[in-house]
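Asks: In order, the protein sequences belong to chains A and B.
According to our numbering, the stretch in the first sequence is residues 77 to 438, in order.
According to our numbering, the stretch in the second sequence is residues 630 to 806, in order.
Quick caveat, the hints were computed from the structure, so don't treat them as lab data.
Only a predicted model underlies this, so the values are computations on that prediction, with no experimental measurement involved.
We put the beta carbon where it would ideally sit given N, CA and C, even for glycine.
Heads up, a few of these hints could be off.
What the hints assert, rightly or not - A few chain A residues that don't get close to chain B, going by computed Cβ distances all over 10 Å:
hint	residue
1	95
2	99
3	105
4	118
5	124
6	213
7	251
8	288
9	321
10	326
11	354
12	370
13	387
14	412
To be verified - Quick list of simulated restraints, FRET-style, between CB atoms:
hint	chain 1	residue 1	chain 2	residue 2	range
15	A	411	B	771	44 to 50 Å
16	A	221	B	767	57 to 63 Å
17	B	676	A	408	24 to 30 Å
18	B	767	A	352	54 to 60 Å
19	B	676	A	266	55 to 61 Å
20	A	207	B	763	45 to 51 Å
21	B	771	A	254	22 to 28 Å
22	B	769	A	352	44 to 50 Å
23	B	774	A	130	51 to 57 Å
24	B	763	A	365	54 to 60 Å
25	A	112	B	752	55 to 61 Å
26	B	767	A	164	58 to 64 Å
27	B	670	A	251	32 to 38 Å
28	B	776	A	130	57 to 63 Å
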Amino acid sequence: MGKQYEIPLGAQHISLLEPLHFKFTTENEKIISTDANVYYVHRGIEEACCTKFKFRQVSFVVGRVCGLCSISHSTAYSQVAEKLVNIEAPLRAKYLRMLVIELDRIHSHLLCLSHVAENAGFEALFMKTMQYREFSMEMLEAVCGNRIQYDFSIVGGVARDLKAEVAGMILQRLKTFLPQLDELVDIFQNNWTLSLKNKGAGAITREAAMRLNVVGPFARAAGLAIDVRNETEDLLPWKEVGFEMVTDTTGDVYARNMVRLRELYISIRIIRNIIASLPESALVTETKAFPDGEAVVRLEAPRGELFYYAKGNKTQMLERLKIKAPTFSNVAAMVEAFTGNEYGSAPAIIASYDPCLSCTSR
Amino acid sequence: MKLAVYRKKSPWILHYNAGGCNGCDIEILACLGPKYDIERFGMINSGNPKQSDILLVTGPVTKRSRERLVEVYAQMPEPKVVVSCGACACTGGVFRGMYNCEGGIDQYIPVDVYVCGCGSRPEQIIDGVIKALDILERKTLELEVSVRLKKVPVEENGQVNRREVAAKIIHTQHTYE
Ligand code: SF4
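Next comes chain A alone, as it looks inside the complex:
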């Protein structure tokens, strides 16, 4: 047995967007065990949602849980609150929610891919991916009015309508984005240097993924067909708009990249279908009821399954709100997948998990 070293990574590190701390025990550059510490950004949002904010305001607060998937959070909360006050959002609102979720997925996946490229040391690809990502930010701004925090989904429906010009603009920009996406797929698939860093790194088997309860692209890359969009039909009609499952088999960084890239094609198809078949109806269902009873909602955020539980007691304030974010489910597998890899590829592996810690610790 060689000499073992402990190498800390984080909380402030150039390859991390957020404070996250890993402690690697290494032996001859190989990682043999890992400790993760993810609760740097706990803010106490759940408690504040039950004591400081009225239930209609909470959908704006939970958007601030995470900037990358804020629409998933506010949509999931709106749905759970709609269940508590016994209303259903109009069909047009549902379609618009799906539209924004898919646009958000494009921007989140491309950000993750660019981050993988940067942490693997491929600066040019980082720049390229960031350049192609800007279109989705511009489209989100056109649809919702802000680049990051959309405040789009409210209890009962959505806050803004989709204008015909904006819809036309989205279709046109998607047309220019498609060849760019093909180019990215080509680079991520065939670039020899990048594959040295990506293939076989951070791999996790299908059995381990199943045992450790992995969700999202992380699980789909390992061959587990888990996607909430495939399972629930009642809240958002995903299958109507052309959802399709994407899986891979190897479960390494390369497979995760490929799953994300192929999901983008599905997202593009969904966006096109939504714009082509947007139903006419009101945007918001009004009600004066107060939340009562308990409800749960599951939604597929860009990183995996997002789970909301809420309990009301016929007052303006909720009694309890519980958020379980996708990264929380993945932490155990994240720690396991490091084992046996070189320390040098750790930043790229972290980026390929696409961890979102402000979701995890709320």
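Use these hints to put chain B with the ligand onto chain A, whose structure you have.
Replies: Structure of chain B with the ligand alone, referenced to chain A:
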């Protein structure tokens, strides 16, 4: 020395997330990308506090990240400028008053430029950083003002050399640690 010129032309940025929602962080990342491209001002994102001139902080200060925030700030060499990015870094934003949060980073470290917005747009961030550059220049000038001694030093009994005295102080500090 042309240090001042270099510093103005190429300030390095250190980014720290003190518990925000990531929204402002990805806008900082977008600033590094080709569309907004803050590298044209010579700025690069360095991960090392000891090499940075501008500290970009996002997020309300959570109880666990405040020590690290202050430590990162203390490790940066003078002159340094702090830019707080986003509503929650400036005042606490929506997180103000939550049990694990403080109201903004200026309770812990001095802030020079406040960039508002939730999330703050890349244009605003660039604007804030450019403002910070002027402050950096001013601070540099203040630091580098030389102080002239009022009286002529006493020449008898040998000279007192300032550099030797400083070296001696550093030496004794190290041995006592
Ligand atoms: S200001 Fe808003 S977008 Fe920026 S980190 Fe804070 S909550 Fe997130």
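Asks: Go ahead and decide if the range 51 to 57 Å is satisfied by the Cβ distance of residue 774 (chain B) to residue 130 (chain A).
Replies: 55 Å, holds
Asks: The hint says 32 to 38 Å between residue 670 (chain B) and residue 251 (chain A); measuring C-beta to C-beta, is that right?
Replies: Holds, at about 34 Å.
Asks: Please verify that the nearest CB of chain B lies beyond 10 Å from residue 118 (chain A)'s CB.
Replies: It is violated; residue 118 (chain A) is separated from chain B by about 5 Å at its closest Cβ, not greater than 10 Å.
Asks: Please test the hint of 45 to 51 Å on the beta carbon pair from residue 207 (chain A) and residue 763 (chain B).
Replies: About 30 Å separates the Cβ atoms of residue 207 (chain A) and residue 763 (chain B), which means 45 to 51 Å is violated.
Asks: Minimum Cβ separation between residue 370 (chain A) and chain B greater than 10 Å?
Replies: Answer for residue 370 (chain A): holds, closest chain B Cβ roughly 24 Å.
Asks: Quick one: are residue 112 (chain A) and residue 752 (chain B) within 55 to 61 Å, going by C-beta?
Replies: For residue 752 (chain B) against residue 112 (chain A), whose Cβ atoms are near 36 Å apart, the range 55 to 61 Å is violated.
Asks: Between residue 676 (chain B) and residue 408 (chain A), does the C-beta distance stay in 24 to 30 Å?
Replies: 27 Å, holds
Asks: Any Cβ of chain B at or closer than 10 Å to residue 251 (chain A), or is the non-interface label fine?
Replies: Holds: least Cβ distance 19 Å, greater than 10 Å.
Asks: Determine whether the Cβ-Cβ distance between residue 676 (chain B) and residue 266 (chain A) falls within the hinted range of 55 to 61 Å.
Replies: 30 Å, violated
Asks: Check the non-interface label on residue 321 (chain A): least C-beta distance to chain B beyond 10 Å or not.
Replies: 27 Å, holds
Asks: Okay, residue 763 (chain B) versus residue 365 (chain A) on CB: inside 54 to 60 Å?
Replies: 55 Å, holds
Asks: A cut-off of 10 Å on Cβ-Cβ distance, and residue 95 (chain A) was said to be off the interface with chain B. Does that hold?
Replies: Its Cβ does come within 10 Å of chain B, the nearest being 6 Å, so this is violated.
Going down the numbered hints, you'll see the structure goes against 1, 4, 5, 6, 16, 19, 20, 21, 22, 25, while the others check out.
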